[in-house]
Structure formats: structure tokens, C-alpha cells
Amino acid sequence: MIRIVIAEDQGMLLGALGSLIDMEDDMEVVGMAKNGQEALQLVQEKNPDVCIMDIEMPILTGLDTAERLVELEHPCKVMILTTFARAGYFERARKAGVRGYLLKDSPIEELVDAIRAVVAGRRMYAPELIDIAYDEIIENPLTDRESEVLRLVAEGKTTKEIAGELFLAPGTVRNYISTILDKLDVGNRIEAIARFKEKGWFR
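The opening residue of the sequence shown carries number 0 in numbering that gives the first Met the number 0; numbering runs sequentially from there.
Careful: at least some of the hints might be erroneous.
[Unchecked claim] With a Cα cut of at most 30 Å, we get these calculated DSS-like pairs of lysine-lysine:
1. Lys103 x Lys159
2. Lys33 x Lys45
3. Lys156 x Lys33
4. Lys33 x Lys103
5. Lys94 x Lys33
6. Lys94 x Lys182
7. Lys156 x Lys103
8. Lys33 x Lys159
9. Lys103 x Lys196
10. Lys198 x Lys182
11. Lys182 x Lys156
[What the hints assert, rightly or not] DEER-style ranges, computed between Cβ atoms:
12. Lys196 x Glu160: 50 to 60 Å
13. Glu27 x Lys156: 36 to 46 Å
14. Ala193 x Ala116: 27 to 37 Å
15. Asp112 x Val69: 51 to 61 Å
16. Lys94 x Pro126: 54 to 64 Å
17. Asp181 x Val69: 31 to 41 Å
18. Pro106 x Lys156: 18 to 28 Å
19. Asp112 x Ile189: 20 to 30 Å
20. Asn187 x Thr82: 45 to 55 Å
21. Lys182 x Gly155: 35 to 45 Å
22. Ile189 x Ala168: 35 to 45 Å
Think of the hints as simulated: they come from the structure by calculation, not from any bench.
Note that beta-carbon positions come from the ideal geometry of N, C-alpha and C, so glycine has one too.
Please work from the sequences and hints to get the whole structure.
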């Protein structure tokens with residue numbers, strides 16, 4: 000019996016997905032979570048064979064959770080089920096050892112077949128993602144400090160607040176922001192945040 004934990008922040012989809020998977024003779028859903036933190040706790044408590052997660056969830060994203068499981072050296076195999084076919088997300092998922100990355104418009108038959116394949120040791124990625132990974136530049140052009148500045152901008156913090164949090168002069172923060180706009184080839188902070196999120200570079 001393949002033991003599965005599912006993490007999805009949309010309650011109706013979480014329940015439907017759990018019911019459909021439970022209908023398979025060789026699968027059992029042993030836990031359902033509404034965010035990445037709950038998923039991490041359930042995986043540690045239930046020790047499932049597979050954890051299926053969305054990416055964009057509260058507290059911890061699916062990718063955050065996958066990376067935590069790697070740090071913990073937990074043997075649970077992680078699969079991502081999401082609406083986002085983004086090169087940055089896919090690259091980060093591969094680096095985190097995610098065994099499957101499927102899109103939510105996939106039929107349930109494809110998902111359960113992928114679960115069996117992952118348990119058998121294979122990797123299952125949606126074909127669209129392979130194309131995107133080859134077609135797009137997926138490396139983040141910003142340094143770690145520039146990425147941190149942009150993350151704080153995205154959280155709505157002012158230049159002064161960012162300077163205080165990072166122990167920088169306000170002028171230095173403004174210079175960072177100017178460099179970020181140049182590197183991302185955008186005209187303002189809102190476009191920079193949108194570009195960074197679109198590429199899946201936010202952590």
C-alpha cells in the first residue's frame with residue numbers, strides 16, 4: 000500500500016484529491032495539510048511514501064517544504080502538483096530532489112500513474128516543463144543581497160525600513176534598487192516584483 004500525504008491550501012480541491020486517490024486499491028491518504036508547515040509535520044509523524052504538494056501555500060511553500068525534507072534527510076518522495084509551469088520553480092524543485100512535477104489540469108489517471116512511477120524510483124515531469132526549462136533563461140541575475148532587498152520591497156517595506164532591517168544606509172538601498180531594475184530590465188519596483196515572481200525566483 001502506497002501511503003500518501005497531500006498538501007493543498009484550497010479546501011475543496013484538497014478533499015476531492017484525497018477522495019480520488021483513496022479510490023485506488025494500492026493507495027491510502029494518511030494525512031492532508033493546508034500549508035507547508037502542516038505538511039512537514041505530517042510527513043514526520045506519518046512517514047508516508049509520497050507527499051504531494053502545491054507550491055504556493057501559506058507559511059511554507061511546497062518548495063520550502065521539499066527543501067526542509069532534504070535537510071532532514073527524510074526518505075519521503077515529494078511530488079509537486081501546481082498550476083504554475085514556471086522555469087524558476089521547476090529548476091528549484093529539481094535541485095530540492097522533487098521526484099514529480101505535474102500540472103493541475105492533468106487527469107487523475109496521469110497523477111496516480113505518476114505516483115506509482117515515483118515510488119518505483121522514476122522521476123515524472125510534465126512535458127511542458129521540460130520545454131520551458133530549455134527555452135527560458137532560468138538563472139536569477141540578482142545577487143543574494145539584491146534578492147533580499149527585492150523581497151523586502153515586495154513585503155511593502157519602505158527604503159528606510161529596509162535600510163534598518165539590513166543595517167544599510169538608505170542611499171545604499173536606493174542604489175541596490177536601481178541595480179535591480181537595471182538587471183531585470185524593468186521600469187519600476189512593481190514590474191520588478193512581477194518579473195521576479197513570474198520567473199519563480201522568490202524564496
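- request: Provide an ascending list of the numbers of those earlier hints which the structure does not satisfy.
  value: 1, 7, 8, 12, 15, 16, 18, 19, 20, 21 and 22
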